[in-house]
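A.B. asks: Read off the chains here:
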Amino acid sequence: MQEFKVYTSSRSQLIDITHEVSCILSGYKAQDGIITVFTPHTTAAITINENADPAVCSDILSKLDRLIPPGEAFYRHLEGNSDSHLKSSLVGASEQILVKGGKLVLGTWQGIYFAEFDGPRTRKVYVDFIEK
Amino acid sequence: MQEFKVYTSSRSQLIDITHEVSCILSGYKAQDGIITVFTPHTTAAITINENADPAVCSDILSKLDRLIPPGEAFYRHLEGNSDSHLKSSLVGASEQILVKGGKLVLGTWQGIYFAEFDGPRTRKVYVDFIEK
Amino acid sequence: MQEFKVYTSSRSQLIDITHEVSCILSGYKAQDGIITVFTPHTTAAITINENADPAVCSDILSKLDRLIPPGEAFYRHLEGNSDSHLKSSLVGASEQILVKGGKLVLGTWQGIYFAEFDGPRTRKVYVDFIEK
Numbered sequence: 000m001q002e003f004k005v006y007t008s009s010r011s012q013l014i015d016i017t018h019e020v021s022c023i024l025s026g027y028k029a030q031d032g033i034i035t036v037f038t039p040h041t042t043a044a045i046t047i048n049e050n051a052d053p054a055v056c057s058d059i060l061s062k063l064d065r066l067i068p069p070g071e072a073f074y075r076h077l078e079g080n081s082d083s084h085l086k087s088s089l090v091g092a093s094e095q096i097l098v099k100g101g102k103l104v105l106g107t108w109q110g111i112y113f114a115e116f117d118g119p120r121t122r123k124v125y126v127d128f129i130e131k
Numbered sequence: 000m001q002e003f004k005v006y007t008s009s010r011s012q013l014i015d016i017t018h019e020v021s022c023i024l025s026g027y028k029a030q031d032g033i034i035t036v037f038t039p040h041t042t043a044a045i046t047i048n049e050n051a052d053p054a055v056c057s058d059i060l061s062k063l064d065r066l067i068p069p070g071e072a073f074y075r076h077l078e079g080n081s082d083s084h085l086k087s088s089l090v091g092a093s094e095q096i097l098v099k100g101g102k103l104v105l106g107t108w109q110g111i112y113f114a115e116f117d118g119p120r121t122r123k124v125y126v127d128f129i130e131k
Numbered sequence: 000m001q002e003f004k005v006y007t008s009s010r011s012q013l014i015d016i017t018h019e020v021s022c023i024l025s026g027y028k029a030q031d032g033i034i035t036v037f038t039p040h041t042t043a044a045i046t047i048n049e050n051a052d053p054a055v056c057s058d059i060l061s062k063l064d065r066l067i068p069p070g071e072a073f074y075r076h077l078e079g080n081s082d083s084h085l086k087s088s089l090v091g092a093s094e095q096i097l098v099k100g101g102k103l104v105l106g107t108w109q110g111i112y113f114a115e116f117d118g119p120r121t122r123k124v125y126v127d128f129i130e131k
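Residue numbers (numbering that gives the first Met the number 0), protein chains in the order written: chain A, 0 to 131; chain B, 0 to 131; chain C, 0 to 131.
Same shape as in the complex, but just chain A:
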């Protein structure tokens, strides 16, 4: 299992980590199998989405913040990040990506993203590869 750090700079942020995951994959001298990308935090997530127009990431975060804004009156958790916890469960703590001939099998426009929902913070991502 390998790990790396992500440094986030906003409360809500999508950071492309495809390069970091590819580099770790190269280290495994892997051929075919599946790679898991997992974050050990409960106010963050991992997702796959478009890596071409940066407006896609900002639109995803804008809409998510309108649907699930911070600080609603009915929240009982005192840290002010109940919205972040819900976003984490909806987007999910991990992604699984197929690996073929040593390469991530991603679509043309797909990138792997670290999703920050309660930044800025220093975060960790765990990666492991299972061979077929």
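Each hint can be trusted.
Copies of the same chain look alike in the list, so a pair counts if it fits in one copy or across any two.
Calculated lysine to any residue pairs in the SDA-like style (CA-CA distance at most 20 Å, straight line):
#1 4 <-> 104
#2 4 <-> 24
#3 123 <-> 107
#4 4 <-> 106
#5 123 <-> 104
#6 123 <-> 106
#7 99 <-> 3
#8 102 <-> 1
#9 102 <-> 2
#10 4 <-> 18
#11 131 <-> 24
#12 28 <-> 3
#13 4 <-> 119
#14 123 <-> 5
#15 131 <-> 26
#16 99 <-> 129
#17 102 <-> 21
#18 102 <-> 31
#19 4 <-> 26
#20 131 <-> 21
#21 102 <-> 123
#22 4 <-> 108
#23 131 <-> 30
#24 131 <-> 29
Keep in mind the hints are simulated off the structure, nothing from the lab.
Position chains B and C relative to chain A; hints supplied.
C.D. replies: Relative to the frame of chain A, chains B and C by itself:
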């Protein structure tokens, strides 16, 4: 790794692909392990839900479209499908299903669905099996 | 593949199943790999979230019920649980957790939860481990 195509006919649609995944699994002569079903598109997703009453699928899509409608004024991405990208990240690009004795381990009412959020289009699904 | 039962007592509920998953993992005498936790129900889900302050779980469920309440007039499915099916697809039927040295690799505050969206019911969870 195997792949197949899905032809969607509406902007939002859930298409049962359980049969296609089962057929691919048969080809592996697999016994026990895990199968991954992944879509390489950023405005689509894979999910598991009820395969009995078709009203479940239409209700899921109706509610999702009310929560996250297309064309909201604050979107900056110019392709008009920012809602589709968010739906893709919330539902997720893949599902993992356990395999036992060569069969998918699904509940009585569970089917595997391709979720289209920006159709109609021709789409791809990738499938791979990891043996225990 | 192993399975265990979960007894839920409310319509919406998050139940910590980390201990049950750890016990099953011990039985595999596993070292390194990945464990899959899967629920075969279409109105429930598996998620990972905070296991410290119980208010986090209640806030997650409160907000989710406000976003996706039961019984909206446009639903066509007659069982009154269309909201539960959508919640199931958004949170997801399974989680994958890395295993290192025989232990679940979870963050300090992470627990594995069974998410009930149409209880109270008796539910099943399937668990299987794939070694590296």
